[in-house]
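K.L.:
Chain by chain, the residues run as shown.
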Amino acid sequence: MSFLSRILVVDDEPDILELLGGILAPGYSVELCQNVDQAKDQLKLGPFDLIITDIAMPGAPGTDLFDYVKELDLSIPILVVSGLLELEKYQVNSTNWLSKPFRRQELLDKVANLIASNRS
Amino acid sequence: MISDIKKRLEGLLHLLEQMAGGDLKVRLPLTPARDEIDAIAFGVNLLADEVQFKQSLEERRRMDLEAAQAKLEFTLRELERTQDQLVQSAKLAAIGELCAGMAHEINNPLTIIQGYFEQLEMLLKERGSVDAIQGLTAIEKIGRNITRIVELIKAVKGFSRQNQAEFRPINLVTLVESCLALLEQQFLLRRIQVHRRYQKEQQLQILADGLRFEQALLHVLTNAIDAIDAARVDDRGNIEVTLGRSEKAVLIEISDDGVGLDPASSKKVFDPFFTTKPVGRGTGLGLSISHKIIRDHNGTIDLSPARGTGGATVRIEIPATVDAHP
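Chains as they are written, first to last, in the numbering used here: chain Z, 18 to 137; chain L, 4 to 329.
Careful: at least some of the hints might be erroneous.
[Claimed, not checked] Here are the in silico distance ranges between beta carbons for each label pair:
1. A129/Z / V153/L: 46 to 52 Å
2. L82/L / S92/Z: 38 to 44 Å
3. L126/L / Q55/Z: 28 to 34 Å
4. P75/Z / R130/L: 52 to 58 Å
[Claimed, not checked] Straight line, CA to CA, 20 Å or less: simulated SDA-like cross-link-like pairs of lysine to any residue:
5. K57/Z / R193/L
6. K144/L / D84/Z
7. K144/L / G38/Z
8. K28/L / L16/L
9. K10/L / E62/L
10. K106/Z / A233/L
11. K106/Z / R235/L
12. K106/Z / D84/Z
13. K106/Z / A106/L
14. K251/L / R318/L
15. K106/Z / Q189/L
16. K128/L / K57/Z
17. K106/Z / K251/L
18. K106/Z / G104/L
These aren't lab readings, by the way, just hints derived from the structure by calculation. Here a beta-carbon is modelled for each residue, glycine too, at the ideal position from N, C-alpha and C.
With the hints as constraints, model all of the structure from the sequences given.
P.N.:
Pasting the structure below:
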């Protein structure tokens, strides 16, 4: 039985997806998706402790997941990882926003904090 | 007696000549006799008073007019200055958008570079060596993404030399694709589908100042995006880009299924400062800049309702540099 927290990672760039997976995999159970539709399917399948998503992706923007999580009445924190500059346009604040490029430790700290604060 | 009358009449005549010569300050002398000659002199004096008064009114009116004209010229100069400032701020806004787009485009490859760089650094610190395959994979990814950034910077470098017109034979497909690539993120964020209908690439050559022409197309495309924005809450629009030929010209049509424009507004869209966007959204300069650039290329640009979608179509014609039927 696994006690690792589950993280759903969504980014349309395979290299970034692989990189995020590589950084997180030692400490978490990670599921990788290349678009919002895939992510929605994953959310229907099982519980997650955190969603990490890019914003600008083909199909639908990652911010759609905020509405989807509400729609499913789930309590999952979402960390937006994006290279866009205008963060005030989206439903994010400094806690659930990480600017690209990021340092791996920054990512690990944000992830740990968001999962811990959602549990408490 | 007669010689006296003659003398008085000669005096009157002399003074009348002075008046006729423009000296309205002179007045005919009246004598104690109060006879007919005095009556004439009196009448002439009254007339001179009247003319002098009218002249002074005229003078005042002329001065008022001159003052108004000076004021108008001043206002006009102010207006020209404001227009220059607005053009400048429109340019700055365009630069701002460009920078934001650039930042996003650079941040993605930079994330990969930084990520794999840190991975190598960590492995070397922890183990003192890196597995050859793992190391090469990381280096290959870093290299590929450095190239991505270099290519991007090459593509936008020219914006810094916008003032020197450089007319060169240009393939329109390459140019249009470069504009669409710059707006890619905007399309994705708004779920806008871009449909391309291009004729044979060899026939789509024009003589153009590539950077300025790109600027003209970017304004038209941005306008199409804004029209779609205004039409629907959740966006999801369509933009169709058609590149075709007539006998002598290359045709570019950019259609959107956005809000569209009424016929009265369609005529004004290329006027500077005309905008139907909410306050603060549009400077009303974008399409007027496009208009100027297209005119500088001996081309024409017009806007009409899009067929069947309720949106708008911007049609541009530019003289072609190769025959339609080679």
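K.L.:
All hints are to be evaluated individually against the structure, with a verdict given for each.
P.N.:
Results of checking the hints against the structure:
no.: 1; hint: A129/Z / V153/L: 46 to 52 Å; in the structure: violated (36 Å)
no.: 2; hint: L82/L / S92/Z: 38 to 44 Å; in the structure: violated (58 Å)
no.: 3; hint: L126/L / Q55/Z: 28 to 34 Å; in the structure: holds (30 Å)
no.: 4; hint: P75/Z / R130/L: 52 to 58 Å; in the structure: violated (38 Å)
no.: 5; hint: K57/Z / R193/L; in the structure: holds (19 Å)
no.: 6; hint: K144/L / D84/Z; in the structure: violated (34 Å)
no.: 7; hint: K144/L / G38/Z; in the structure: holds (15 Å)
no.: 8; hint: K28/L / L16/L; in the structure: holds (15 Å)
no.: 9; hint: K10/L / E62/L; in the structure: violated (36 Å)
no.: 10; hint: K106/Z / A233/L; in the structure: holds (17 Å)
no.: 11; hint: K106/Z / R235/L; in the structure: holds (18 Å)
no.: 12; hint: K106/Z / D84/Z; in the structure: holds (15 Å)
no.: 13; hint: K106/Z / A106/L; in the structure: holds (16 Å)
no.: 14; hint: K251/L / R318/L; in the structure: holds (15 Å)
no.: 15; hint: K106/Z / Q189/L; in the structure: holds (13 Å)
no.: 16; hint: K128/L / K57/Z; in the structure: violated (39 Å)
no.: 17; hint: K106/Z / K251/L; in the structure: violated (46 Å)
no.: 18; hint: K106/Z / G104/L; in the structure: holds (15 Å)
Hints 1, 2, 4, 6, 9, 16, 17 from the earlier list are contradicted by this structure; the remaining hints agree with it.
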